[in-house]
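> Chain A is already provided as a structure; the job is to place chain B on it using the hints.
Protein chains: 2
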Amino acid sequence: MKYGVAIFPSKKLQDLANSYRKRYDPHYALIPPHVTLKGPFEATDNRIKEIASKLEEITSKVKPFSLNVLKVSSFQPVNNTIYFKIEMTNELETLHNSLHGEDFFNEKSEFSFVPHITIGQQLSNDEHSDVYGQLRMLDLRHEEQVDRVHLLYQLENGSWTVYETFRLGEE
Amino acid sequence: MKYGVAIFPSKKLQDLANSYRKRYDPHYALIPPHVTLKGPFEATDNRIKEIASKLEEITSKVKPFSLNVLKVSSFQPVNNTIYFKIEMTNELETLHNSLHGEDFFNEKSEFSFVPHITIGQQLSNDEHSDVYGQLRMLDLRHEEQVDRVHLLYQLENGSWTVYETFRLGEE
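First to last, the sequence lines map onto chains A and B. Numbering follows full-length UniProt numbering, in which position 70 of the first sequence is assigned residue number 70; successive positions increment by one, without gaps. Numbering follows full-length UniProt numbering, in which position 63 of the second sequence is assigned residue number 63; successive positions increment by one, without gaps.
Hints are computed from structural coordinates only; laboratory data are not their basis. Please note that a few of the clues may not be correct.
Same chains, same names: a pair is fine if it fits in one copy or spans any two.
[Unchecked claim] Pairs of lysine-lysine residues, derived as DSS-like cross-links and limited to a Cα-Cα distance of at most 27 Å, are as follows: (1) LYS49 x LYS61; (2) LYS49 x LYS12; (3) LYS22 x LYS11; (4) LYS63 x LYS49; (5) LYS11 x LYS63; (6) LYS22 x LYS61; (7) LYS49 x LYS71; (8) LYS22 x LYS2; (9) LYS2 x LYS61; (10) LYS54 x LYS22; (11) LYS12 x LYS54.
Excised from the complex, chain A in its bound form (with noise of 0.2 Å):
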């Protein structure tokens, strides 16, 4: 089974990203507008208990913060994704990294981590540059507390389902 951690914004946050991914986001179905922790990762059925205990421990030490968007990004050249960035804090680099450290599976991140919500994404060349070169421009400025994460599971059709929340800083 397929198990990712995330956080969920604000209604308002989530309906104005909703409201690009439902053109742009082949994903606007699935699942809704999240800022992602730790991208899908295998585990057998009977861990998720596990993994919950683990991720409640991880998120009992960081306390609630804000989440601040900056702007509309892309993630081009590597990929003709276009996102909300939000802006790098210190909570969000520690969850990011007790989830991909030697307590959690152990299984290191590829990338760096650059906290966003995607907001588009698997759009040809002129399609990228032609929404990138609309969006780039709007004034995003947002702020907001997040004071939970989510662990959630994949069912066969893709769409994601919470299995649980965590409350940040509560033991």
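Using the frame of chain A, we list chain B on its own:
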């Protein structure tokens, strides 16, 4: 903002439900397969913490229980919804009653509670007889444990995001 309370069954049961929902349920992309404990209700944005704390109180008093799928059934003649019928248990009844009682916004349910997982809805009469005629014969017997319920909120596009998970029988 609109809220709801639901149980998400195991991946196995969700995958099975989705194999039908994909074709017969227009809500397929808006929410994973679920058992509704309290249907959509309005509350102001800042009431969510109050709602969550009431839910915590309610769910702490109910022990984990067995969820039994009995058969495929239909709400006809009330409407053309086809569903997996779930066996009523004391725990389901207690959860439902607590979520519709005086302690929980005092919003009485108009309908008697029939626990179910919808697999088809908004079907024409012909589709309904056709699909129900085929599915009512299925031997669906399935049993699993339920140890958590979820509080969700609805986005502007109609999809649902999990706000919080509550484990049954835990303070």
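> Using 27 Å as the alpha-carbon threshold, which applies to LYS49 and LYS61: within, between, both, or neither?
For LYS49 and LYS61, both the intra-copy (19 Å) and inter-copy (22 Å) Cα distances are at most 27 Å.
> Treating 27 Å as the Cα threshold, decide for LYS11 and LYS63: within, between, both or neither.
Classified as within; 21 Å inside a copy, 31 Å across copies.
> With 27 Å as the alpha-carbon cut-off, assign the pair LYS49 and LYS71 to within, between, both or neither.
This pair counts as neither: shortest intra-copy Cα distance 37 Å, inter-copy 30 Å.
> Check LYS54 against LYS22 for me: Cα-Cα at most 27 Å, and say if that holds within a copy, between copies, both or neither.
neither (34 Å within a copy, 34 Å between copies)
> When Cα atoms must be at most 27 Å apart, do LYS63 and LYS49 count as within-copy, between-copy, both, or neither?
both (23 Å within a copy, 18 Å between copies)
> State whether the alpha carbon distance between LYS49 and LYS12 is at most 27 Å within one copy, between copies, both, or neither.
between (32 Å within a copy, 17 Å between copies)
> How would you label the pair LYS22, LYS2 (within, between, both, or neither) given a Cα cut-off of 27 Å?
The answer is both: 24 Å in one copy and 21 Å across copies each meet 27 Å.
> Can you give me the call for LYS22 and LYS11, within, between, both or neither, at a CA distance of at most 27 Å?
Classified as both: same-chain Cα gap 15 Å, cross-chain 26 Å, threshold 27 Å.
> Are the CA atoms of LYS2 and LYS61 at most 27 Å apart within a copy, between copies, both, or neither?
within (25 Å within a copy, 32 Å between copies)
> As a check of your reading, is LYS22 near LYS61 (CA-CA no more than 27 Å) within one copy, between copies, both or neither?
neither (36 Å within a copy, 41 Å between copies)
> Checking LYS12 and LYS54: alpha-carbon separation at most 27 Å within a copy, between copies, both or neither?
Between. Shortest inter-copy distance 24 Å satisfies the 27 Å Cα cut-off; intra-copy 30 Å does not.
Going down the numbered hints, you'll see the structure goes against 6, 7 and 10, while the others check out.
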